[in-house]
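Residues 1 to 249 in UniProt numbering are what the sequence shown spells out, letter by letter.
Simulated from the structure, these hints should not be mistaken for laboratory data. Using N, Cα and C, we set each Cβ at its ideal position, and we do this for glycine too. You may find that some hints are simply not true.
Listed next, with one range per pair, are the computed distances between beta-carbon atoms [to be verified]:
no. : residue 1 : residue 2 : range
1   : 129       : 89        : 16 to 24 Å
2   : 244       : 110       : 40 to 48 Å
3   : 36        : 241       : 45 to 53 Å
4   : 247       : 36        : 43 to 51 Å
5   : 159       : 5         : 34 to 42 Å
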Amino acid sequence: MAAYNGERHIEEQIGSILAQLGADDELIIVDDRSTDGTRDVVRGIDDERIRLVARDVNLGYVRTFEEAVGLATRPHILLTDQDDVWLPGRVEAMSAALELTDVVATNLGTLGGPEKLRGPFGQNDWRLRADDSRHHGRNILGILLGDRPYYGCAMGLRRSVLPLVLPLPSFLHESHDLWLALAGNVQGSITHLEIRSLERRLHDSNQTPERPRGPGAVVRSRLVLVQCLRVLRTRRRVLRDRANEGIHP
1 MAAYNGERHI EEQIGSILAQ LGADDELIIV DDRSTDGTRD VVRGIDDERI RLVARDVNLG
61 YVRTFEEAVG LATRPHILLT DQDDVWLPGR VEAMSAALEL TDVVATNLGT LGGPEKLRGP
121 FGQNDWRLRA DDSRHHGRNI LGILLGDRPY YGCAMGLRRS VLPLVLPLPS FLHESHDLWL
181 ALAGNVQGSI THLEIRSLER RLHDSNQTPE RPRGPGAVVR SRLVLVQCLR VLRTRRRVLR
241 DRANEGIHP
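Kindly generate the complete structure, drawing on both the sequences and the hints.
Have a look at this one:
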């Protein structure tokens with residue numbers, strides 16, 4: 001979990017997470033130098049599975065997620081925001097998918113709002129479909145066009161794929177979720193689960209913008225994703241060559 005000024009909602013979210021974790025699981029929370037009482041709320045929850053990392057410098061949510069993922073020790077890693085609510089069955093379903101593929105992505109609903117999400121091209125129910133799990137080229141094109149609802153808070157990955165995923169490129173300042181989605185599709189190993197695994201809380205502080213961007217911002221973001229795709233393909237080739245030579249990452 002990446003946390004920043006989440007005092008109002010983080011306790012409810014942590015409760016929904018801990019209810020689904022096993023005794024040997026962990027909840028890693030990296031706080032990005034919050035200026036409210038977020039850290040005090042987390043420290044006030046008496047559960048040995050929680051590991052709080054309190055940063056002295058604010059680096060933004062992308063670097064915060066990067067650190068949290070890198071600290072994980074369990075074989076399956078599920079990403080989470082600080083202000084959503086996990087729905088029952090999320091961990092079981094996503095963990096089962098991660099037994100088969102490197103990345104898993106689910107759908108989501110909204111907390112206290114409509115279950116269905118409206119898409120950027122007028123879709124009434126913008127969601128991932130299981131049938132598209134193996135259409136990797138189509139998924140990559142959809143990501144580049146902004147037509148795939150990959151949300152980091154609804155995604156997970158195997159720890160074994162971290163050599164491909166980490167470190168995040170220095171030029172990536174947003175869309176860590178799309179980086180992860182590109183990684184799963186470049187690897188040819190991603191599962192779309194049609195379940196809605198969480199309810200997303202919508203408010204003014206959401207990191208994912210709800211309003212359409214201007215044309216210039218859209219073009220810049222797409223060019224960044226093209227760069228990401230190139231980096232991932234190069235990394236995958238290097239890792240494959242090392243594996244063939246018996247060199248472990």
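**Request:** Could you say whether the range 34 to 42 Å given as a hint is met by the Cβ separation of residue 159 and residue 5?
**Result:** Roughly 29 Å apart at Cβ, these two residues miss the hinted range, so it is violated.
**Request:** State, for the Cβ atoms of residue 244 and residue 110, whether the hinted interval 40 to 48 Å holds or is violated.
**Result:** 46 Å, holds
**Asked** Can the suggested window of 16 to 24 Å be confirmed for the beta-carbon pair residue 129 and residue 89?
**Response** Check passed, 19 Å falls within 16 to 24 Å.
**Prompt:** That 45 to 53 Å hint for residue 36 and residue 241 (C-beta), does it hold up?
**Reply:** The hint (45 to 53 Å, Cβ to Cβ) holds, given that residue 36 and residue 241 are roughly 48 Å apart.
**Message:** Taking the Cβ atom of residue 247 and the Cβ atom of residue 36, is their distance within the range 43 to 51 Å?
**Reply:** 46 Å, holds
In this structure, the one hint that does not hold is number 5.
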